[in-house]
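So the sequence lines, in the order shown, correspond to chains A and B.
Quick note: the first sequence uses numbering that gives the first Met the number 0, first residue 0, plus one each step.
Quick note: the second sequence uses numbering that gives the first Met the number 0, first residue 0, plus one each step.
In short, the hints are calculated from the structure, not lab data.
Mixed in with the good hints, there may be bad ones.
Claimed, not checked - In silico BS3-like pairs for lysine-lysine, Cα to Cα no more than 25 Å straight-line:
| hint | chain 1 | residue 1 | chain 2 | residue 2 |
| --- | --- | --- | --- | --- |
| 1 | B | K58 | A | K359 |
| 2 | A | K359 | B | K53 |
| 3 | A | K538 | B | K59 |
| 4 | B | K135 | B | K152 |
| 5 | B | K42 | B | K58 |
| 6 | B | K159 | B | K187 |
| 7 | B | K264 | B | K46 |
| 8 | A | K359 | B | K59 |
| 9 | B | K269 | B | K98 |
| 10 | B | K91 | B | K327 |
| 11 | B | K42 | A | K538 |
| 12 | B | K100 | B | K46 |
| 13 | B | K58 | B | K317 |
| 14 | B | K159 | A | K538 |
| 15 | B | K327 | B | K317 |
| 16 | B | K58 | A | K538 |
| 17 | B | K42 | B | K278 |
| 18 | B | K264 | B | K98 |
| 19 | B | K159 | B | K91 |
Stated by the list, open to error - A few chain A positions that, by computed beta-carbon distances, are all more than 12 Å from chain B:
| hint | residue |
| --- | --- |
| 20 | G150 |
| 21 | G203 |
| 22 | V323 |
To be verified - Partial selection, computed: residues in chain A whose CB lies under 7 Å from chain B:
| hint | residue |
| --- | --- |
| 23 | Y137 |
| 24 | G258 |
| 25 | Y259 |
| 26 | N403 |
Idealized CB from N, CA, C, for every residue including glycine.
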Amino acid sequence: MKHVPTAQANVHTPLSQTESGKARSISRQGLSIYWRAGSWLLALLLFTPVLALIYEASAPTGEIFAHLRNTVLGTYILNTVLLISGVGILGLILALPAAWIMANSEIPGKRYLQWLLVLPLAMPSYVVAYIYTDLLEYAGPVQRLLRDVTGWESAADYYFPDIRSLGGAIIILALVLYPYLYLLARTAFMEHSQSQILASRLLGCSPISSFLRVSIPMARPAIITGLALMGIETLGDFATVDYFAVPTLTTAVYDTWLGYGSLNAAAKLSAIMLVVVMLLISMEKYSRRRQQLYQKNTGQDHKKASSLKGWKKALALFWCWMLVSLGFLLPAMVLLDYVFRYFSDSWNIELLTYSLNSLKVSLGAATFATLVALFLGLYQRLQKSRFSSIPSRLVSTGYALPGNVLAIGVLTPLTLSDHGLNGIIMAFEYPPVGLVFSGSIFAIIFAYAVRFSAVAVGSVESSLGRVSPSLDMASRTLGCTPSEMVRRVHIPMVRKGLLTGFLLVFIESMKELPAALLLRPFGFESLATWVFQFVSDEKLEQAALAALILVLAGLVPLILLNRSLEAEQK
Amino acid sequence: MLKKALIALSATGLMAASAISQAAEVVNVYSYRQPFLVEPLFKEFTKDTGIEVKVVFAKKGLSERLEREGKLSPADLVLTTDISRLMNLVNKDLSQPVKSKTINEDIPSQFRDPDGEWFALTKRVRNIYTTKRSDKPEGITYDDLADPKYKGKICTRSGKNAYNVGLVASYVANNGEEATREWLKGFKDNLARRPQGNDRAQVKAVKEGVCDLAIGNSYYFGAMMANEEQRPWAESVYINFPDQKGNGSHVNVSGMVLTKYAPNKDNAVKLMEFLAGDKAQATYAEVNMEYPVNPDVPVSDMVASWGEFKSDDLPVYKLAENYATAQKLLDEVRFDL
Numbered sequence: 000m001k002h003v004p005t006a007q008a009n010v011h012t013p014l015s016q017t018e019s020g021k022a023r024s025i026s027r028q029g030l031s032i033y034w035r036a037g038s039w040l041l042a043l044l045l046f047t048p049v050l051a052l053i054y055e056a057s058a059p060t061g062e063i064f065a066h067l068r069n070t071v072l073g074t075y076i077l078n079t080v081l082l083i084s085g086v087g088i089l090g091l092i093l094a095l096p097a098a099w100i101m102a103n104s105e106i107p108g109k110r111y112l113q114w115l116l117v118l119p120l121a122m123p124s125y126v127v128a129y130i131y132t133d134l135l136e137y138a139g140p141v142q143r144l145l146r147d148v149t150g151w152e153s154a155a156d157y158y159f160p161d162i163r164s165l166g167g168a169i170i171i172l173a174l175v176l177y178p179y180l181y182l183l184a185r186t187a188f189m190e191h192s193q194s195q196i197l198a199s200r201l202l203g204c205s206p207i208s209s210f211l212r213v214s215i216p217m218a219r220p221a222i223i224t225g226l227a228l229m230g231i232e233t234l235g236d237f238a239t240v241d242y243f244a245v246p247t248l249t250t251a252v253y254d255t256w257l258g259y260g261s262l263n264a265a266a267k268l269s270a271i272m273l274v275v276v277m278l279l280i281s282m283e284k285y286s287r288r289r290q291q292l293y294q295k296n297t298g299q300d301h302k303k304a305s306s307l308k309g310w311k312k313a314l315a316l317f318w319c320w321m322l323v324s325l326g327f328l329l330p331a332m333v334l335l336d337y338v339f340r341y342f343s344d345s346w347n348i349e350l351l352t353y354s355l356n357s358l359k360v361s362l363g364a365a366t367f368a369t370l371v372a373l374f375l376g377l378y379q380r381l382q383k384s385r386f387s388s389i390p391s392r393l394v395s396t397g398y399a400l401p402g403n404v405l406a407i408g409v410l411t412p413l414t415l416s417d418h419g420l421n422g423i424i425m426a427f428e429y430p431p432v433g434l435v436f437s438g439s440i441f442a443i444i445f446a447y448a449v450r451f452s453a454v455a456v457g458s459v460e461s462s463l464g465r466v467s468p469s470l471d472m473a474s475r476t477l478g479c480t481p482s483e484m485v486r487r488v489h490i491p492m493v494r495k496g497l498l499t500g501f502l503l504v505f506i507e508s509m510k511e512l513p514a515a516l517l518l519r520p521f522g523f524e525s526l527a528t529w530v531f532q533f534v535s536d537e538k539l540e541q542a543a544l545a546a547l548i549l550v551l552a553g554l555v556p557l558i559l560l561n562r563s564l565e566a567e568q569k
Numbered sequence: 000m001l002k003k004a005l006i007a008l009s010a011t012g013l014m015a016a017s018a019i020s021q022a023a024e025v026v027n028v029y030s031y032r033q034p035f036l037v038e039p040l041f042k043e044f045t046k047d048t049g050i051e052v053k054v055v056f057a058k059k060g061l062s063e064r065l066e067r068e069g070k071l072s073p074a075d076l077v078l079t080t081d082i083s084r085l086m087n088l089v090n091k092d093l094s095q096p097v098k099s100k101t102i103n104e105d106i107p108s109q110f111r112d113p114d115g116e117w118f119a120l121t122k123r124v125r126n127i128y129t130t131k132r133s134d135k136p137e138g139i140t141y142d143d144l145a146d147p148k149y150k151g152k153i154c155t156r157s158g159k160n161a162y163n164v165g166l167v168a169s170y171v172a173n174n175g176e177e178a179t180r181e182w183l184k185g186f187k188d189n190l191a192r193r194p195q196g197n198d199r200a201q202v203k204a205v206k207e208g209v210c211d212l213a214i215g216n217s218y219y220f221g222a223m224m225a226n227e228e229q230r231p232w233a234e235s236v237y238i239n240f241p242d243q244k245g246n247g248s249h250v251n252v253s254g255m256v257l258t259k260y261a262p263n264k265d266n267a268v269k270l271m272e273f274l275a276g277d278k279a280q281a282t283y284a285e286v287n288m289e290y291p292v293n294p295d296v297p298v299s300d301m302v303a304s305w306g307e308f309k310s311d312d313l314p315v316y317k318l319a320e321n322y323a324t325a326q327k328l329l330d331e332v333r334f335d336l
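Full structure from sequences and hints, please.
Okay, structure coming up:
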């Protein structure tokens, strides 16, 4: 951290100040060749699994595609589109009012609600899906009560919506994913200058129309980012849609791979999904293209949250508590109930080991991904060339792939490295070392970094984007070398972004399942793999304790995350 | 900055890499079968031989992992839940033949590869469960599943589940593609709800009155009887062995394959002999309620109480051959949609 020697060599080259005072002219010659080459190498390294899949997809797939197109693919695509838009719309309906209330008004218990509203993110969606099915299906307590009260005797006597349906999947996924939107929108609402809202009110807007015509447009980039995150998570989900028997594109990927035995066709489908995600991501970028909002100086523009009264207060309270209850409290209480009733089944002396395993890979992945994000984010900012954003885009592609397919993509470069390494070692007549990369937890950490770097990159990028270029100019004018500027200006200013990225990757990694299942070394069990083993056999009760630990482990970083975002506003 | 980042990155890598260990007497297993089914067997094996069994369980992708690991793979043995996965491993050239007199004496020839590339361990029958609200049907067949008299009365898990694809593959092998398509159309028309859940959930649905017929493997009946919460489900249905006057009931197998580059080959063969032997086969029968392939080992009392039955003598590898066709037909009739 002390210095980057090669960067200093560049300091004394004359600055091209004649090109007007744009930030880019100052930083153009700032980056060393190591940094530049390192960024590209790192990006390519994390891109290798996707590359392996693209290679796999390029092989001929025979008639499978034509057959799928003629039979079920249309329905799968339709389901996927309906699912993503449904989750998006419901997410908006759930999250925006809550974000608005938390940003602009004072209601009792706000201190707690603020972070309680984030907690559904700690719930693995397959656990929530399982719990709601258990509650709402024919034999579940809700319908039993209904039958007891009404005297209906069998399923034929009444109509009850089937939780295992597209609608059910939309509701469950929206309930666990809305916090993405909530967090981003709340931050955006809080950042906005109160004066604009006051101006709109003075000009005769009602609070509602001020919300619709001023706040929403100003928060649009944040909202679209949140929607894109929800969309990508939905697209990559397999466990929930599989449990609800809603076939989507992910189903098609698994069918072609396992049913038709063609990994090539599966890779091709994944590539299509990749394109969809790239579209979602560019949509998000496009929406920000003209946005140049930089962090404002603090000290001015203190906003005063208005105190809600009467029915408004009641409605606001109801809305927020409903979200917290449905997305978190209810499932958590069911889990707790399972734990008490099945304690002897779910108590397992190995749970500590599983927890430590989860912690180890998640911390590893979060550290890895955050460093990657910082490195590439700075590269993109300081190396203002047309191509400088490509490395960040490359490492973000892994987010788009279904976990299991990604895991196979990860296996290819890792086993190739293993074969290479062993080949070299054996050429020197030493005994082979075996599968150093693909046979250790390195494989899982690497897979998570590939899958979740996008999350960290996004958060670091948006946080760097808000650092005004005038600060770069000032620091360079005052004699900072580029590396000093990074150390003394950029890193302190994006600390929050780094922390956010780190925590989000950590939480996602704790819950991640398919890659861990396939890539784990012998005898490796994490909380998620342990829980899923029972969920897939429809016996969550017996792993309730592990599931609860999994949720609790996600709570701590979430509360930290929320606190750091709040502090940012003060 | 750069230096520190690189150090942190390589530290992450090293920390991960250091977790590799090599014990003296081990055998490494990749298992598609669920832990609680096979772990008791491994414990028994370790007790008998002192050889430690290390396992990776996954439902998907183990053969791809094995393929990419190639010569460096630590895996010695692969356990699968159905014949198509067994054949898939052989066809990808990931297996090696085993010539063991013990195993060949224990496993009848129709349940192993002539060259010893794969071995079946247990037989699982695809049964039709019928509700006790009406009488036990006489001579029920798989064809009946497409009979309009059962319209809206049948529950099943996803058609794409390996057990169902296996059943459809056997229908293709016995009756041809065209007949299968018609059969599947009729079958789909009779479904009470979209295919969902696992085999046990179908029996539960019969109990709840959602449907009258359910498709499920035989051993689940035993598993439900052994589970306090699920016993009422099992008690609400008759277990029927279909096609007794025709080809016989459809049988799939779970099995094992010795990997091509097995580093602990001797230990692996010992484990294979153990799994085919009386003790392990009896455990399969008693604990998992499956039908052992070893003819010397009796089925459990409960399984015996379901009665003798005739099983389809279609060679099991034919199932694997027709697997992709079955999948294609299931998509064509949009079975799951």
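Against the structure, the hints come out as follows:
Straight-line distance between C-alpha atoms of K58/B and K359/A comes to about 24 Å, which keeps the hinted pair within the 25 Å bound. For the hint pairing K359/A with K53/B, the CA-to-CA distance comes to about 21 Å; that is within 25 Å, so the pair holds. Distance restraint check for K538/A and K59/B: the Cα-Cα separation of roughly 20 Å lies within the 25 Å cut-off, and the hinted pair is therefore satisfied. The hinted pair formed by K135/B and K152/B meets the criterion: a straight-line CA distance of about 15 Å does not exceed 25 Å.
The hinted pair formed by K42/B and K58/B meets the criterion: a straight-line CA distance of about 21 Å does not exceed 25 Å. Annotation: proposed proximity of K159/B to K187/B holds, straight-line Cα distance about 13 Å (limit 25 Å). Between the alpha carbons of K264/B and K46/B the distance comes to roughly 19 Å, so the proposed pair stays at or under 25 Å and holds. Distance check on the hinted pair: K359/A and K59/B sit about 24 Å apart at the alpha-carbon level, within 25 Å; holds.
Among the hinted pairs, K269/B with K98/B is consistent with the structure: their alpha-carbon atoms are about 12 Å apart, no more than 25 Å. Between K91/B and K327/B the alpha-carbon distance is near 21 Å, which keeps this suggested pair within the 25 Å criterion. This hinted pair checks out: K42/B and K538/A have alpha carbons roughly 23 Å apart, not beyond 25 Å. At most 25 Å may separate the alpha-carbon atoms for a hinted pair to count; K100/B and K46/B meet this at roughly 23 Å.
Distance check on the hinted pair: K58/B and K317/B sit about 23 Å apart at the alpha-carbon level, within 25 Å; holds. For the hint pairing K159/B with K538/A, the CA-to-CA distance comes to about 22 Å; that is within 25 Å, so the pair holds. Only pairs whose Cα atoms come within 25 Å are accepted, and K327/B paired with K317/B is accepted, the gap being roughly 16 Å. Of the supplied pair hints, the one linking K58/B and K538/A holds, its CA atoms being roughly 17 Å apart against a limit of 25 Å.
With a CA separation close to 12 Å, the supplied pair K42/B and K278/B stays within the 25 Å bound. For the given pair, K264/B sits about 12 Å from K98/B by alpha-carbon distance, which is consistent with the 25 Å threshold. With a C-alpha separation of about 22 Å, the suggested pair K159/B and K91/B falls inside the 25 Å cut-off, and the hint holds. Look at G150/A: its CB is around 15 Å from the nearest CB on chain B, clear of 12 Å, so calling it non-interface holds up.
Here G203/A stays apart from chain B, with its beta-carbon at least about 53 Å from theirs, past the 12 Å limit. For V323/A, the requirement that its beta carbon stay farther than 12 Å from each beta carbon of chain B is met, with the minimum near 30 Å. Because the smallest distance between the Cβ of Y137/A and any Cβ of chain B comes to about 5 Å, under 7 Å, the interface hint for this residue holds. Taken as an interface hint, G258/A checks out: its beta carbon lies about 4 Å from the nearest beta carbon of chain B, inside 7 Å.
Residue-level restraint check for Y259/A holds (minimum Cβ-Cβ distance to chain B is 6 Å; threshold 7 Å). For N403/A, the interface hint holds, since its Cβ comes within 7 Å of a Cβ in chain B; the closest pair sits about 6 Å apart.
In summary, the structure agrees with every hint in the numbered list given earlier.
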